[in-house]
Amino acid sequence: MTLTIRRKVSLGVVIGSRAFFSPAPCKAAREEVLTQLERLGVNAVILPFEATANGAVQSIADAQLYAEHFKTHRDSIDGLVICLPNFGDEIAVAELVNRAKLNVPILLQASNDAVDKVSVAERRDAFCGKLSVSNNFWQYGIPFTETTNHTCDTWGEEFGRDLDRFARVCRTVRGLTNARIGSIGARTGAFQTMRYSEKLLQASGLTVVTVDLSEMMQAAGAIADTDPAMIEKMERIKAYGTIPAHIQPEQIIRQAKWTLAVNRWIEENECDASAIQCWRSLQDNFGCATCVTMSMMGEELLPSACEVDVIGAVSMYALALASGAPPALLDWNNNYGHEPDLCVCTHCGNYPKSFIGDTPEISELDVLGATIGKSKCFGAVKGKVKPGPMTYFRLSTDDRMGKMKCYLGEGEFTDHPFPMDGGIAVTRVPDLRRLMRFVSQNGFEHHVAMVRGNHADVVNEAVTRYLGWPIYHHGAEPEPQLFHPNRF
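Each residue of the sequence shown is one higher than the one before, counting from 3 in this note's numbering.
These are calculated hints, taken from the structure and not from any lab test.
Ideal placement from N, C-alpha and C gives every residue a C-beta, glycine not left out.
Treat the hints with care, since some could be wrong.
Label-pair restraints from in silico Cβ distances [unchecked claim]: (1) N444 x N45: 36 to 42 Å; (2) N336 x L5: 33 to 39 Å; (3) N105 x A372: 17 to 23 Å.
Use the sequences and the hints to build the structure in full.
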């Protein structure tokens with residue numbers, strides 16, 4: 003089975019047209035959209051040009067033909083791109099979507115008119131046609147995604163960026179409604195904050211697969227020192243970062259066995275992400291940390307959260323889907339002096355290598371190592387996260403409300419010094435106090451998922467338009483809302 007995050011996105015393409023408009027723009031729009039998708043590496047699902055007049059959907063018969071075609075590709079289509087090179091036929095477009103019943107995201111595009119080409123033979127009127135189609139979508143209860151501007155050119159860079167963003171939205175929606183999350187080990191007893199509802203996750207299409215930590219340790223212990231897969235894993239760990247000279251070969255071997263056992267279980271159970279009981283049973287009973295295991299999986303876009311934070315793993319997975327980059331799970335951990343918009347986010351050492359942005363050190367857990375002995379704690383990935391923009395996201399299951407909830411925003415990693423061991427990320431978030439007030443007053447966990455780059459718009463679109471989870475988007479301009487006057 004190919005995981006969602008590793009498969010190419012497939013989009014159904016529809017060219018909507020009204021019969022008495024010039025047919026020429028239909029053919030051009032079709033070719034331009036397909037060229038854009040090919041450049042982005044996105045599969046296009048569309049009938050041959052000859053299947054309908056002008057290669058477009060402009061009647062109920064055309065709508066039925068396309069609906070049947072899309073039904074045969076139901077399992078592969080992640081979203082629909084509907085382009086209006088002219089006014090379009092609102093009923094044909096709405097009926098196509100209604101009859102296909104794909105329940106996937108939709109991008110609705112309308113083409114620009116040229117100011118000097120608005121004669122009867124040249125005009126498009128797509129600006130108006132888009133409003134007619136969107137009105138029908140509202141009547142049918144069909145959500146859809148907007149382009150950056152109300153109208154745009156199908157050949158333009160702006161629409162290319164819209165298509166790229168939309169493909170990421172589609173991947174995020176598919177991933178978050180069909181995911182399997184591995185839960186390795188019981189929740190750490192001291193952390194009630196990691197409680198969550200499996201049933202609320204399942205209701206959203208997210209399945210949790212569990213395994214006892216003792217089974218995993220037994221599987222790791224059964225791997226022979228001469229196992230070629232173990233030897234290969236050991237070499238990969240050595241190449242992943244800088245290992246201090248005092249670390250003994252048997253510590254690296256033990257770590258490689260654990261990593262291999264986890265990797266095999268993840269693959270056998272077709273998990274998209276995972277959460278692991280990272281302390282302290284594993285150190286006491288097997289003799290290693292699991293940080294580098296999680297870090298290396300994250301680098302391969304298989305996010306893994308510490309402290310059995312299953313919802314944290316889902317939050318990481320959402321960012322991986324939206325960005326195509328390795329996310330990390332961090333604590334909102336320290337203030338930074340008296341700087342109101344700076345804080346320090348940390349974790350013992352689970353950050354993916356590219357998230358850090360530099361070659362990390364792989365050594366022992368510092369805090370736990372000081373308590374139980376460092377020889378049992380090899381496997382922590384340490385480094386200070388390099389400066390750059392970032393996106394943060396946290397999902398939570400709220401049993402009191404009986405629903406999922408989340409918050410989202412963007413900030414940056416900075417180069418401010420901070421002399422603490424482990425994984426360190428000095429972070430700037432505008433109006434940080436307002437965000438922390440929201441987090442604490444709404445019962446969110448101290449863990450947060452982060453990824454490099456600006457990807458909040460993709461996550462927000464997926465969550466608000468298609469997944470329907472309550473969300474607080476920190477720092478974002480609220481969408482226009484109807485005002486309901488108090489009538490006497």
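>> Run through the hints listed earlier and report the numbers of any the structure violates, in increasing order.
In response: Hint 3 is the one this structure does not satisfy, whereas the remaining hints hold.
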